[in-house]
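Participant: For reference, the chains in residue letters:
Protein chains: 2
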Amino acid sequence: MNKQFTRVGIGMVLALGLSQAALASPRNEPIQPIPQATITNGAMVELGKKLFFDPRLSKSGFISCNSCHNLSMGGTDNIKTSIGHNWQQGPINSPTVLNSSLNLAQFWDGRAASLKEQAGGPIANPGEMAFTHELAVDVLQSIPGYVADFAQVFGKESLNIDMITDAIAAFEETLVTPNSDFDLWLKGDDNALTAQALAGYQLFKDSGCVACHNGPNVGGTSYQKMGVIEPYQSASTEVGRAAVTGKDADRFLFKVPTLRNVELTYPYFHDGEASTLEEAVDIMGRLQLGRVYSEQEIGQIVAFLKSLTGEQPRFELPILPPSTNATPKPIPFG
Amino acid sequence: MNKQFTRVGIGMVLALGLSQAALASPRNEPIQPIPQATITNGAMVELGKKLFFDPRLSKSGFISCNSCHNLSMGGTDNIKTSIGHNWQQGPINSPTVLNSSLNLAQFWDGRAASLKEQAGGPIANPGEMAFTHELAVDVLQSIPGYVADFAQVFGKESLNIDMITDAIAAFEETLVTPNSDFDLWLKGDDNALTAQALAGYQLFKDSGCVACHNGPNVGGTSYQKMGVIEPYQSASTEVGRAAVTGKDADRFLFKVPTLRNVELTYPYFHDGEASTLEEAVDIMGRLQLGRVYSEQEIGQIVAFLKSLTGEQPRFELPILPPSTNATPKPIPFG
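As they're listed, the protein sequences go chains A and B.
Counted from 1, the first sequence has number 302 at position 302 by the UniProt record's numbering; the numbering is strictly sequential.
Counted from 1, the second sequence has number 293 at position 293 by the UniProt record's numbering; the numbering is strictly sequential.
No wet-lab data here; the hints were simulated from the structure.
Check before you lean on any hint, since a few could be wrong.
You can't tell identical chains apart in this list, so a pair holds if it fits in one copy or across any two.
With a straight-line cut-off of 35 Å between C-alpha atoms, the simulated DSBU-like cross-links for lysine-lysine are [said to hold, decoys possible]:
id, residue 1, residue 2
1, 329, 225
2, 205, 329
3, 116, 225
4, 116, 329
5, 329, 156
6, 187, 225
7, 50, 116
Assemble the whole structure, with the sequences as input and the hints as a guide.
Facilitator: Laid out in structure tokens, this is it:
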């Protein structure tokens, strides 16, 4: 009886919340709010979370997905280009894993069509985790805690790399960041943005940034040339989309990055050479739009960009099942 | 009224729990249960948790305390010797941070008297995080989110290394692992241990292991020679306690490691050369006690050791406050 009464009370609060949301009038803008994650297979998400944090998917036993897509730091490593096995310097800036399910494809050059396909890449890349899919399967297959998890999720105890990347992708699909100030504004809350941020958004639209940075992920929907009006000067040898298509016309086309949580995902561009948002906005204006923003304008756009920081995924640090005597040993050195 | 009734209900449940605990008859043994952590300054613990996970305390921006004392993996890195800045190979196996507040001192050679003193070591060690205390202070001082946290905890906005290490130590003091099967047995639950584990514990006591591995941490209370009956053969150049005292008599004396969660903290010994518990028990028997355990006896002792795995610390992955334009940049390469 007591319990029931409490439930009614909670129901009333929920109903109030819903009706308030219903009262808000959503705006018709080229950027849409980030939807909440819908979890259809909780057990697979939990398994994927463990795998995402497990350095035993690398040769050294030291590097996990979270090493370069650190969920304490906006899903990035906040360095220009990543550190791989044996401290190898990566060729490109690690893109954020946050909201990555909203991108048209994965990697800067879009060479992976899906999160599942992406997840297999770094594991087997000699410059990153430097492992093989076969060894990753052998390691996990030797760990009873994992075998039980895979059996629960996939209905069989014999693991394969598809099951591993399915689970990692399922976890990554939950890594969305709703309810940024900008999204609250989009949903009708006039007080969610400062006047400066609102002016920045207006300028962002009027001067053409929104032509590429649009949709729920404020980017991630097309490949564009880095250096439209002026060429982009970089020490990086990355050629972008051309590496996938083989077409000369695709040289220096990169996937337009999401601007969601861009306050957290410094440094910027595929080579990580822009350290600050101010620098990035200035360079984008000149190279992509042929426009030199004033200091005041840059401040406005940066204020808008900072309003794109959403609620970060919150979850318990996973506890990993221990290896056994049969588990292949990591090889950190030599 | 409704709320009050619910509170009475919870109070009754708590009272029942307490009286059940009071009914259990604790055993008088040379090993005592791990006490629950008592948190006196929650804000300091939360700050310390962020710092523990923050790779910006390293030169590269890539290595955090959690890199080598991974709380997903028993507070260790599960490799023989750790990976430091620029992939340098560490000289010694990373001891677990779990229950480390119960040790008489920190590091294998006891060179740090406290967790606070220990915490400053790896940050400034050129082979580990390769930073300086001054730069660590500069980095955190440049981050408003941290300055606010430090102001809340210490009452001032001007940071120093003492405040940093105080906070890390406060977090580490919470990293205890109570309620292992063995502790439940110690508290009077006859069904908590298998017959094999109980036989293993009896043998552990009767054959002399408990002379060094005793107390709540099943170790951590003294320095002992590695290789009492026979010398320990190792490629490691570590001399142990002698490095601190300068005394020849202290060569190859190491702090007796805790056996709490030893199932999770492989590989074993200061050089990490024993991969399995079976191997470690066999070597310890021969070198320290002059006793060759049978396969059955080793199995019994290992079953006892696995009963020492306690409840792992459970907490939300911390979200770190972002750097600002003023934050000194990490230097991962060169």
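Participant: Each hint: holds or not?
Facilitator: Verification of the supplied hints:
no., hint, in the structure
1, 329 x 225, "between (44 Å within a copy, 28 Å between copies)"
2, 205 x 329, "between (54 Å within a copy, 32 Å between copies)"
3, 116 x 225, "within (26 Å within a copy, 51 Å between copies)"
4, 116 x 329, "both (26 Å within a copy, 33 Å between copies)"
5, 329 x 156, "within (25 Å within a copy, 47 Å between copies)"
6, 187 x 225, "within (32 Å within a copy, 68 Å between copies)"
7, 50 x 116, "both (16 Å within a copy, 30 Å between copies)"
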